[in-house]
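Q: Chain residues, written in single-letter form:
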Amino acid sequence: MVTAAACKTGVERFLKLKAPHVKDFELVNERGETPQDLLDAAKVLVIGAGGLGCEILKNLTMSGFKDIHVIDMDTIDVSNLNRQFLFRQADVGRPKAEVAAEFIKRRSPNVSIVPHYKRIQDMPEEFYLQFSVVVCGLDSIEARRWINAFLYGLVESHGFEGFKPMVDGGTEGFKGNVRVILPTMGACWECGLDLHGAKTTYPICTIANTPRLPEHCIEWASVLEWPRRFPDTKLDGDDADHISWLVEQASERAAQFNITGITYSLTQGVVKNIIPAIASTNAIIAAACTNEALKLVTLCNPMLSNYLQFSGDDGVYSYTFEYDKREDCLVCGNKESEVSLSASATLEELIDMLKEDKAFQLRAPSLAFGSEMLYYQNPESLEKLTRPNLQRSVKDLFASSSTLTVTDPAVPTSLQVTVIFTD
Amino acid sequence: MRTETDKAKLYDRQLRLWQESGQAALENACVCVFGSSALAAESLKNLVLPGIGRFVVVDDAAVDEQDVLTNFFVGSKDVGRPRAQCVVENLCELNPAVQGTAIVRSAEDALSAGASGVISSASLVIACGLAEHTVRQISEICWSAHTPLVCASTAGFAARLRTSVPEHAAVESHVGLKSDLRLLSPFPALRDYAEAVDLDSLDETDAGHVPYVIIILKALQRWAASSNSQEDIARRNMPIPYSSKQQIRELILQAAPAPGEENFQEAYSHFIADCTPYEIPGEVSQILDDPACTSVSAQSDKFWILAHALRRYVQSVYSQGELPLSGTIPDMKADTRSYIALQRIYKQKADQDKAEVSRHVHETLQMIGLPTDYVSAGEIDTFCKNAHRLRLLRCTPIHTELDSGPTQPSALSGSGALDHYVLFRASDAFLAKHARYPGAPSSSKAADSVAPGGDAANGNSLNSSLDLDDLVSADTLELSAIANGMLASWGVDSDVSSDIAAEFVRSGHCELHNIASMAGGLVSQEAIKLITHQYVPANNLCIVDGASARILVAKI
Numbered sequence: 001m002v003t004a005a006a007c008k009t010g011v012e013r014f015l016k017l018k019a020p021h022v023k024d025f026e027l028v029n030e031r032g033e034t035p036q037d038l039l040d041a042a043k044v045l046v047i048g049a050g051g052l053g054c055e056i057l058k059n060l061t062m063s064g065f066k067d068i069h070v071i072d073m074d075t076i077d078v079s080n081l082n083r084q085f086l087f088r089q090a091d092v093g094r095p096k097a098e099v100a101a102e103f104i105k106r107r108s109p110n111v112s113i114v115p116h117y118k119r120i121q122d123m124p125e126e127f128y129l130q131f132s133v134v135v136c137g138l139d140s141i142e143a144r145r146w147i148n149a150f151l152y153g154l155v156e157s158h159g160f161e162g163f164k165p166m167v168d169g170g171t172e173g174f175k176g177n178v179r180v181i182l183p184t185m186g187a188c189w190e191c192g193l194d195l196h197g198a199k200t201t202y203p204i205c206t207i208a209n210t211p212r213l214p215e216h217c218i219e220w221a222s223v224l225e226w227p228r229r230f231p232d233t234k235l236d237g238d239d240a241d242h243i244s245w246l247v248e249q250a251s252e253r254a255a256q257f258n259i260t261g262i263t264y265s266l267t268q269g270v271v272k273n274i275i276p277a278i279a280s281t282n283a284i285i286a287a288a289c290t291n292e293a294l295k296l297v298t299l300c301n302p303m304l305s306n307y308l309q310f311s312g313d314d315g316v317y318s319y320t321f322e323y324d325k326r327e328d329c330l331v332c333g334n335k336e337s338e339v340s341l342s343a344s345a346t347l348e349e350l351i352d353m354l355k356e357d358k359a360f361q362l363r364a365p366s367l368a369f370g371s372e373m374l375y376y377q378n379p380e381s382l383e384k385l386t387r388p389n390l391q392r393s394v395k396d397l398f399a400s401s402s403t404l405t406v407t408d409p410a411v412p413t414s415l416q417v418t419v420i421f422t423d
Numbered sequence: 001m002r003t004e005t006d007k008a009k010l011y012d013r014q015l016r017l018w019q020e021s022g023q024a025a026l027e028n029a030c031v032c033v034f035g036s037s038a039l040a041a042e043s044l045k046n047l048v049l050p051g052i053g054r055f056v057v058v059d060d061a062a063v064d065e066q067d068v069l070t071n072f073f074v075g076s077k078d079v080g081r082p083r084a085q086c087v088v089e090n091l092c093e094l095n096p097a098v099q100g101t102a103i104v105r106s107a108e109d110a111l112s113a114g115a116s117g118v119i120s121s122a123s124l125v126i127a128c129g130l131a132e133h134t135v136r137q138i139s140e141i142c143w144s145a146h147t148p149l150v151c152a153s154t155a156g157f158a159a160r161l162r163t164s165v166p167e168h169a170a171v172e173s174h175v176g177l178k179s180d181l182r183l184l185s186p187f188p189a190l191r192d193y194a195e196a197v198d199l200d201s202l203d204e205t206d207a208g209h210v211p212y213v214i215i216i217l218k219a220l221q222r223w224a225a226s227s228n229s230q231e232d233i234a235r236r237n238m239p240i241p242y243s244s245k246q247q248i249r250e251l252i253l254q255a256a257p258a259p260g261e262e263n264f265q266e267a268y269s270h271f272i273a274d275c276t277p278y279e280i281p282g283e284v285s286q287i288l289d290d291p292a293c294t295s296v297s298a299q300s301d302k303f304w305i306l307a308h309a310l311r312r313y314v315q316s317v318y319s320q321g322e323l324p325l326s327g328t329i330p331d332m333k334a335d336t337r338s339y340i341a342l343q344r345i346y347k348q349k350a351d352q353d354k355a356e357v358s359r360h361v362h363e364t365l366q367m368i369g370l371p372t373d374y375v376s377a378g379e380i381d382t383f384c385k386n387a388h389r390l391r392l393l394r395c396t397p398i399h400t401e402l403d404s405g406p407t408q409p410s411a412l413s414g415s416g417a418l419d420h421y422v423l424f425r426a427s428d429a430f431l432a433k434h435a436r437y438p439g440a441p442s443s444s445k446a447a448d449s450v451a452p453g454g455d456a457a458n459g460n461s462l463n464s465s466l467d468l469d470d471l472v473s474a475d476t477l478e479l480s481a482i483a484n485g486m487l488a489s490w491g492v493d494s495d496v497s498s499d500i501a502a503e504f505v506r507s508g509h510c511e512l513h514n515i516a517s518m519a520g521g522l523v524s525q526e527a528i529k530l531i532t533h534q535y536v537p538a539n540n541l542c543i544v545d546g547a548s549a550r551i552l553v554a555k556i
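From first to last, the protein sequence lines are chains A and B.
When we follow our numbering, the leftmost residue of the first sequence carries the number 1, and every step to the right adds one.
When we follow our numbering, the leftmost residue of the second sequence carries the number 1, and every step to the right adds one.
Just so you know, these hints were derived from the structure itself, not from any lab.
Using N, Cα and C, we set each Cβ at its ideal position, and we do this for glycine too.
Be a bit skeptical, because a hint or two may be false.
[As the list claims (entries may be wrong)] Selected chain A positions facing chain B (Cβ under 10 Å, derived; list incomplete):
1. R13
2. L17
3. P20
4. N82
5. S108
6. A143
7. V180
8. L182
9. G186
10. T206
11. N209
12. T210
13. I275
14. A287
15. C289
16. M303
[What the hints assert, rightly or not] Partial list, derived from the structure: chain A residues whose beta carbon lies under 8 Å from chain B:
17. H21
18. E55
19. A283
20. S311
Construct the entire structure; sequences and hints are all you get.
A: Laid out in structure tokens, this is it:
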């Protein structure tokens, strides 16, 4: 018998009351565990302690999760404070994971929360093996592809012990999305790669020769002029002096071409690829994520299968659907794919194709044909050695229907890409 | 004290969405919130962080242990204290520029003391988890004051949001539009510029840098000259027959100096979209034909005065029935000089159109007896730039809906929101009848406010041994019966879903933090759009179904 005293909170009602209408919900499972036991024992990894991360940590704490780890490699910036509500002005410069954990701990001393001021790529497999579920509030496609591929590999190497369901959230202005990924079971994150629009890029020839927009002038200053003038200094989008220099240079160039519209804000936005962000959208998406985490762990209601899309700029619009596993997925599929181009195209043109193609979205691919190095981005010595191949026609390097091995920082595994000549 | 640069840095990520004008609107606003549960606190969090000017929280509830577990903005040391006060303190801590006040009274008390004060100084009202009779009262007050109202409540995995305002206009709606290039009705400066370009005399490089707009205009010219329907073509804005469209596209490709020339490809692929006859968008036509637009007075909202002027502009010979040009053109493959020159041509026409609209604005102001500087040049500029995406919302009042049911039950079932909607309504009726929510034992604190005659402080111990599973079963039957009765009264044939009814009673109308936070996000988002008059508010119901991970929208 379940009494009112046993259900102090809403969560407890959903864990303790009979619910015959919910398919997979059991008051006691085959191992003798109750949903409350499952919640009490759950160990959650939160990836990211920023706009989504702060919300996720709050939500998990307020949902009865007691054992949380949070990882984030960033420090706090003043522009975070309009939405990352676990941070204050005095915290600027400190690691996000640590400050977030401190705040949560102060407010809820009974919750164990362990911060990691680290990159996700630097944590060993043992670290990830301890968790029951992973909730991601990341700010880059690259990081998401990495964790998705990594968690897939974890099942391949450790079987059931390595099975870590992943809930992934993303936001941009008034829009956002949530995915639930069960590694090796159904579609993974990479299968839905083309659900993301590709980033706006400007062709080099436009930037160098025929600028028309203020953005072209800014890219000229940051991509072409900066390396010319400061070859030994990496451009830092967070350095106000760097941005100011770019504004000056871009403005001069813009004036030459009668282009208007260069501002500090636009310049910083282009260089850092700033995405507008507000608390309300983060709240919606993060809550949807933690709602899924609660359901995943306790089975108190069905979990999202597998994608929720949201936009709040024109009314409220939302669509929940299941996207399919892709046969040729670079992570969970047969990892083989095909591209075609002219036999007289250069290797550089092939590389550009791989970078621009929405199906791959590669950043800096290195290519090999069997044991033969075609073009390697790293290390510097190999890059210099293979650079002349960039200008050679592909027909001089390999025959049509050859399968090349492609590696890229964006994808943890290597890809087999068959190249077909169109002529 | 924050300096302007401090503020610019702090709010950078949101200023990119609503600019200084939106930020100013937020900072001048005062939001009145009834309720202080997690739903209310989360709604406010997302308004305090971006810098709302002031807020007021009205609630007489005291913090209990359940609150400490589900409401982030109260702490364990706050048990027993007025929840409104604790929430205000913890929210203000998020942003020192924001002013917050707690009114430790129930909504009913605060309202009975006279509507003046609590609601009259608010730019927007948010009502969280209130009983139906209180919602009705607030709705009537807000409606006659023309104050936007957002009502929300949660029940376990479900939540509902309802926006109500007599009229809301958004000039800067940010709605995406296709390019406004007027290729089928080129204005003289554009036509002359295209004429001056001699494509045939250009070498391959230069030809590859001609903006596609010019390429299309040239192709249209050539086709008109050779076509039998010359008279038709000479008339502006006539649709091109489908077969001719294909012909013209082929002509474009043939005129390219080399296959795959990018600007000719652009002309080819943009031709169909850019060469449909110009039409004023439906939403804008409706605004221009609205009675509030056709007859204006000194009491009219600035929006209507501007709309009236725009209507006169559209009816004038000058405009030829077209809205003022926005003046922006998309990027396209071209050399800098040609692109900038083309951009200037469009900008100059836009400026001329704007000057004409200004004239109509001043004449209108004179006609209604207002000074000519009543509408600023900046406001006219914004109006003209956004003329193609003006938006006007009119909502049905909540008190009408409560009395007569949803105006369009079919819209509700079409969107999948009917079951949740009727179950929320049925739960409200259940509460009014039994002084407790379905599934909740009496004297439970689950409801944020109890119906008149209910007593929240009454012996909790009386019900501590009650079997909740039994209560849930019994209450599910009754709730479903109430819901089915309501559906029948609205002319809906089907019965309510028994699974969803079971979910409602399973919740006992308890707050789940995730759902409260999600609904709080939606409430604050709507509030921001209503306050800034930017972007487009939802009209008018949202249902969150956390059990199936769906957000459903309907107009009722």
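Q: All the hints need checking, so say for each whether the structure fits it.
A: Taking the hints in turn, this is what the structure says about them:
1. R13: 6 Å, holds
2. L17: Cβ of L17 of chain A sits 5 Å from chain B, so the hint holds.
3. P20: 8 Å, holds
4. N82: For N82 of chain A, the interface hint holds, since the closest Cβ of chain B sits about 5 Å away, which is under 10 Å.
5. S108: 9 Å, holds
6. A143: Violated, about 19 Å.
7. V180: Holds. Min distance 8 Å.
8. L182: Violated, because the Cβ-Cβ distance from L182 of chain A to chain B comes to roughly 15 Å (cut-off 10 Å).
9. G186: 15 Å, violated
10. T206: Cβ of T206 of chain A sits 8 Å from chain B, so the hint holds.
11. N209: Given a least distance of 8 Å, the restraint on N209 of chain A holds.
12. T210: Because about 5 Å separates T210 of chain A from the closest Cβ in chain B, which is inside the 10 Å limit, the hint holds.
13. I275: Interface hint status for I275 of chain A: holds (8 Å vs cutoff 10 Å).
14. A287: Given a least distance of 4 Å, the restraint on A287 of chain A holds.
15. C289: 9 Å, holds
16. M303: 8 Å, holds
17. H21: Holds, about 4 Å.
18. E55: OK, holds: E55 of chain A within 8 Å of chain B, min 7 Å.
19. A283: This hint holds: A283 of chain A lies near chain B, its Cβ roughly 3 Å from the closest one there, short of 8 Å.
20. S311: 10 Å, violated
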